[in-house]
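> Given only the sequences and the hints, what does the whole structure look like? Please build it.
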Amino acid sequence: MSATLVIGAGIAGMQAALDIADAGFTVYLVEKEPSIGGRMAQLDETFPTLDCSSCILTPKMVSVGGHANIELLTYSEVIEVSGEAGRFQVKVRKNPRYIDIDKCTGCGLCAENCRLKGRIDSEFNVGMGKRGAAYLPFPQAVPLKYTIDGEHCLMVQRGKCGKSPPCRDACPSGAIDFDQQAEILELEVASIVVATGFDPFDPLLKPEYGYGVYDNVITGLQFERLSSASGPTYGEIKLDGRQINDVVFIQCVGSRDRNLGNAYCSRVCCMYTAKQAHLVREKLPDAQVSVFYMDIRAFGKGFEEFYDRVRAERVRYRRGNPSEIVKRGERLVVRAEDTLLGQPVEVEADLVVLAVGLVPRADTEAVTQLLSLSRCEDGFLKEAHPKLRPTDTEIEGIFLAGCCQGPKDIPDAVAQAKAAAASAIVVMSQSDSKAISDQE
Amino acid sequence: MAPKVGVYVCHCGINIAHTVDVEEVAKATAEVANVAVARNYIYMCSDPGQQLIQDDIRELGLDRVVVASCSPRMHELTFRRVIQEAGLNPYYLQIANIREQCSWVHTDREAATEKAKDIVAGAVSRSCLLQPLEERDTEVTPSALILGGGIAGLQAALEIADAGYEAHVIEKEAALGGHIAHLTNTFPTVESVPSLLTEVLERVQTHPRIEVLTHSRVVDVDGFIGNFQVQVETLPGDADTPTATELTVGAIVVATGFDNFDATLKPEFGYGTYDRVITGPELEKLLARADGPDTSSLLGSDEIEDVVFIQCVGSRDRNGGNPYCSRVCCMYTAKQAYLLRQMLPDSRITVFYMDVRAFGKGFEQFYDQVRGQRVLYRRGNPSEIYRRQSKLVVRAEDTLLGKPIEVEADLVVLATGLVPRQDANDTSTLLKLSRSEDGFFMELHPKLRPVETTSDGVFLAGCCQSPKDVTDTIAQAKAAASSALIPLSLGKVRVESITCSVDQLLCSGCGLCAEACVYGALTLNERTGIMTANQVLCKGCGACATACPSGAIVLRHFTPDQILAEIEGAV
Amino acid sequence: MVAEQSILERCDLWACIQCGKCTGGCPVAFKTTLNIRSLVYHALVDGQLDPDGMEELWDCTTCGTCVLRCPKEVEPSELIVALRTALVDGGVIPPTIGDALTSVFRHGNPSLMPPDERADWAEGLPVKSIAEGAEVLYFVGCIPSYDDRAQKVARAMVKVFQKAEIDFGILGVEERCCCNEVRRVGEEGLFEYMMEEQQELFSGHDVKHIVTTSPHCFNTFQNEYQGLDIKVQHYTQFVADLIAQGRLAFTGELDQIVTYHDPCFLGKQNGIFDEPRSIIQSIPGVDFQEMDRIRDRSLCCEGGGGRMWWEGTNPEDRLATSRFEEALSVGADVMAVACPFCLLTFELAAKASGYDEKVQVLDIVELLAQVV
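Protein chains in written order, with the numbering used here: chain A, 1 to 440; chain B, 1 to 571; chain C, 1 to 372.
Be aware that one or more of the hints could be misleading.
Unchecked claim - Computed Cβ-Cβ distance ranges for the label pairs, DEER-style:
id	chain 1	residue 1	chain 2	residue 2	range
1	B	Gln535	A	Leu239	56 to 64 angstroms
2	B	Thr248	A	Ser82	41 to 49 angstroms
3	A	Leu204	B	Gln389	53 to 61 angstroms
It is worth saying that the hints were derived from the structure and are not from the lab.
All of these numbers come straight from a predicted model, not from anything done at the bench.
Glycine included, every Cβ here is placed at the ideal spot set by N, Cα and C.
This is the structure:
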């Protein structure tokens with residue numbers, strides 16, 4: 001029976017994999033990071049239902065991890081693809097974790113004892129937390145196995161770590177293996193689903209907001225980590241003991257901005273900001289919360305009603321795209337024109353959250369080379385037809401799912417992933433029936 | 001031999017632990033009768049959490065498992081599988097909901113902890129009386145029914161048929177294509193819809209595995225996933241009596257579409273009074289005339305100098321409209337403004353809006369383009385329209401000028417929203433679908449299950465679930481197809497194990513249970529005078545058990561003894 | 001002057017999305033500086049609103065168009081009333097409105113007229129006091145009781161009731177101002193006081209059914225008097241019913257072209273559009289012509305919200321004048337009204353513009369009285 005390769009195990013990749021696997025086909029699910037889950041694992045609560053993101057994600061992760069038809073290849077990358085629909089030849093490199101995952105029990109002693117513990121910026125916590133070289137990206141990781149980051153690990157980089165690497169000494173299962181090498185797997189698949197996701201816009205590209213200069217100007221994704229129970233502050237909105245009375249959100253940072261080269265709308269920021277404003281209101285009941293916007297794009301099911309709810313929770317929506325943020329004493333000052341007042345305004349803040357948009361991943365070029373795909377003007381992967389074929393590519397047998405094709409929220413990513421799965425199933429069914437009829 | 005119960009109390013991060021002292025609960029539960037072990041862990045649903053349970057089952061010989069955590073709706077299936085993998089019958093699992101029913105609804109830590117202890121004790125007590133249940137599969141008919149022949153239905157049909165299964169498309173009207181058959185061009189690419197649609201229609205009509213029945217309605221649906229019996233009536237315009245067709249299908253995709261908001265419900269716009277106030281869909285029809293767009297047909301032979309579009313008519317409106325956003329109107333208006341600009345190069349075109357929702361791929365760029373074509377966007381939701389001699393006058397406030405204004409128009413186009421179909425109730429009754437607060441059909445979970453419904457084997461596609469454009473409709477239709485393809489591909493589907501059971505000695509055949517059953521699972525066996533329960537149709541709702549005056553019918557896994565044990569354990 | 005939480009929360013302004021539908025439909029927005037959307041926004045972002053010096057606040061007629069149309073169920077006019085209340089509490093109020101309020105308090109009517117002359121309009125007419133017991137209380141209202149022109153309406157009403165053999169009574173000198181406008185100019189205290197007095201009066205006379213001349217009295221009794229277990233109707237509802245039941249016989253014809261202006265407190269605010277029309281159209285000989293701005297799109301006469309007691313920041317530009325232009329455009333001989341405020345403001349506007357030569361302003365009941 002045929003198989004499909006799914007590249008990327010965020011919510012889109014996982015959903016595509018699950019649908020295909022549930023239908024009885026084999027899936028190779030390749031994920032670059034040590035754990036599956038993608039961006040959704042980084043979120044606190046999702047809009048508009050305010051579901052705890054991990055709570056709705058982990059069942060899917062667990063299903064993926066335990067599915068008989070899904071072969072999970074984490075900490076792995078696809079390095080070569082050739083062939084055609086029905087018969088793609090794929091090479092996957094399993095990067096060395098320096099930990100034998102068959103022996104690893106997930107006890108965490110290696111990370112506890114790592115010489116570099118607390119010294120490396122945690123990618124999962126978007127720089128707001130630290131980790132060691134031996135680490136678990138987040139508590140609900142699937143597979144729940146530790147990884148040693150070869151880029152930073154002293155043993156890997158320099159061949160020595162003090163007298164003896166404390167991780168290896170501490171590990172009760174003898175799972176640490178610095179001799180581990182990358183492994184190359186060769187697979188043949190009938191179809192490929194690309195679900196490589198997105199990166200958040202880097203607000204260093206908008207220096208007028210003082211991101212990177214003022215530590216109380218953060219991105220939306222960083223806010224998720226602050227708000228999240230599994231984050232660096234265990235869910236409290238706080239910054240170094242600073243009292244937070246005034247929070248300002250700024251929409252459209254890095255989106256709808258031709259000056260930056262991102263003319264497009266990132267689709268999710270209006271809603272994620274509304275949700276974050278709600279979370280601030282919940283956790284800091286007396287704070288003044290303002291949102292600066294150009295248009296409120298609350299277009300989906302339940303979105304407008306959620307926007308109504310958030311305003312009723314005393315969140316001030318002010319129309320105007322702020323021009324700059326400066327400091328006055330200890331406070332930040334957001335300078336904008338309030339276009340409904342028709343006047344320039346200055347709003348003081350203790351915390352500014354930039355609603356950064358979604359941009360194509362930094363490695364998108366590599367993906368397009370790998371699979372001979374094209375990119376749209378906005379830099380995302382190109383679909384076969386923008387109206388009628390949103391999940392097909394120009395290459396038969398290769399499909400797109402999720403944000404790699406363009407920004408979208410979770411329900412739209414899930415729907416698209418299922419759509420890609422259907423297409424993959426069609427290819428595999430046709431391939432299988434052809435194989436059967438060839439035999440006959 | 002007394003049962004050995006393993007109890008696992010979940011912290012759920014801080015979701016439970018913040019309000020309930022989970023360690024305390026585990027400690028207290030360890031003292032409860034029949035409890036062999038009581039643990040607490042930060043995330044029971046995670047890999048190590050599950051491992052804990054499986055290890056204990058093997059090492060301690062547990063034969064019952066209680067997980068005190070979130071609602072069973074979240075993880076009951078997960079944990080059933082966990083214990084099954086460790087060798088236990090999955091129905092020896094009992095969930096104690098100490099999140100939705102405890103930590104999430106209380107603030108007093110002491111009281112919440114006590115309550116959690118009671119809930120868990122009840123669960124333990126019940127678990128001791130749980131019985132193993134059989135897991136069965138049923139065959140799946142390798143075909144699907146598609147209700148509605150618009151773009152959503154057609155796309156779903158194509159996907160299912162391409163994968164090798166039969167698809168029956170049932171369409172009420174004479175022709176396929178639904179609403180998009182009345183569109184001119186798409187946004188944002190401004191391509192011709194008729195030619196796009198023709199492509200799709202051709203594929204559908206020539207596909208060996210797609211059957212299309214137009215002029216047809218589904219009048220009855222019986223059965224269950226894998227085996228739906230569908231009665232279809234076909235009545236072409238010139239016929240007197242309908243032809244009946246019976247179909248057996250494995251899955252159903254609902255793609256019944258939407259209706260347009262009735263602009264007469266907003267009398268302040270004078271729709272119905274002034275014939276030059278029209279709706280977006282009406283403009284679309286005018287533009288789509290087969291003999292080419294003809295401006296003079298819009299208004300007799302008058303010249304059109306001033307056109308005004310008004311957004312959000314009937315949407316985002318708690319006062320005579322609907323509170324939700326109809327998602328497509330900002331873009332269809334931009335497209336219409338664009339098209340009119342091509343036809344009427346010297347006219348003044350104004351769009352009144354509240355927010356411009358150009359959120360999709362290429363949308364913002366198209367919005368830029370339309371403004372570049374000298375279409376003036378003015379922020380303000382007009383309050384009323386009246387007539388001044390030969391012109392219409394639109395009264396609004398331009399909120400960016402901060403001043404009330406009057407704009408004269410020769411043509412006003414109301415961007416009416418999308419509403420659930422008038423006959424949506426018929427469909428929801430037929431298929432036991434739920435409706436969301438906005439009136440559209442309800443998906444199983446708004447985030448993670450956008451196409452499934454509460455009825456297994458019945459899926460949603462397109463605007464019947466909520467307003468969306470063609471691109472998102474197609475994606476969703478394919479998603480629905482994917483869900484349908486799961487049972488179709490497997491060829492079999494697991495049936496509910498928690499079903500009712502009739503005690504032949506107690507049953508007097510009174511039939512009250514059958515009256516209570518909405519699934520038609522109970523019938524009287526004429527020969528024996530005893531009720532028979534169809535184990536496949538039964539969904540385990542328990543209504544029959546409550547209705548039976550003799551206690552002759554019980555719901556497995558929810559027997560009176562089990563429920564009473566839970567109550568006694570809790571108090 | 002006004003605490004942030006109280007005004008924002010009290011008027012539930014947080015729901016506002018600044019769409020501008022309120023200002024866009026506000027009748028006086030086009031002729032004054034009053035911009036209700038902007039006021040709401042200032043309340044939202046500044047946290048406080050100092051109404052000091054905002055003379056335009058008194059221009060609002062409380063027609064209710066803003067409330068009627070707001071898609072987010074905000075009641076913008078409530079903000080205006082709240083701001084007026086703040087001003088009144090501080091003793092800041094246009095003098096003529098202040099005088100009217102004092103008069104209501106002292107004399108039970110805003111026109112400084114003696115209370116014991118309130119029933120003089122009925123002299124010579126067979127009108128009994130409600131104290132004698134009757135099925136219907138005809139609540140006359142201040143203007144029809146005291147104003148020369150409007151008294152004709154009251155008398156016409158009596159004639160119609162008699163012809164239909166209605167068992168009705170009036171409160172006579174006991175009747176007091178309904179205070180619909182008193183509340184809307186911000187004098188909540190006076191309103192509450194008068195409301196309690198009036199309610200006691202009604203229950204004292206065991207009143208079961210009230211029929212009013214004015215939509216304003218109807219509005220406040222129906223919607224704002226607490227726990228009133230009485231059937232309240234505007235006379236057009238009552239009379240339309242009578243005609244439908246065949247209890248009024250027509251003895252003559254009216255060979256005129258008649259148009260009808262929907263009063264804000266009858267039409268927009270209470271949804272009563274059809275009954276007045278059915279009365280007019282039942283009159284033999286009448287050629288009924290609709291103007292353009294009718295029903296939900298009717299244009300306020302500028303009589304409500306205290307405007308009977310103060311001419312506004314822009315008195316020269318009368319909205320009522322444009323109504324005559326409309327009436328003439330449909331060839332009307334008669335502009336029919338169903339509200340004493342509309343009656344008087346239209347008469348004034350007609351004289352000021354010279355339209356009084358061309359169009360007669362008559363209350364519907366006056367038309368009816370001519371032919372029964």
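> Now tell me, hint by hint, if it's right for this structure.
Outcome of the hint check:
1. B:Gln535 - A:Leu239: 56 to 64 angstroms: Between Gln535 of chain B and Leu239 of chain A, where Cβ atoms are some 59 angstroms apart, the hint holds.
2. B:Thr248 - A:Ser82: 41 to 49 angstroms: Given range 41 to 49 angstroms: holds, Cβ gap about 44 angstroms.
3. A:Leu204 - B:Gln389: 53 to 61 angstroms: Given about 59 angstroms between the Cβ atoms, the range holds.
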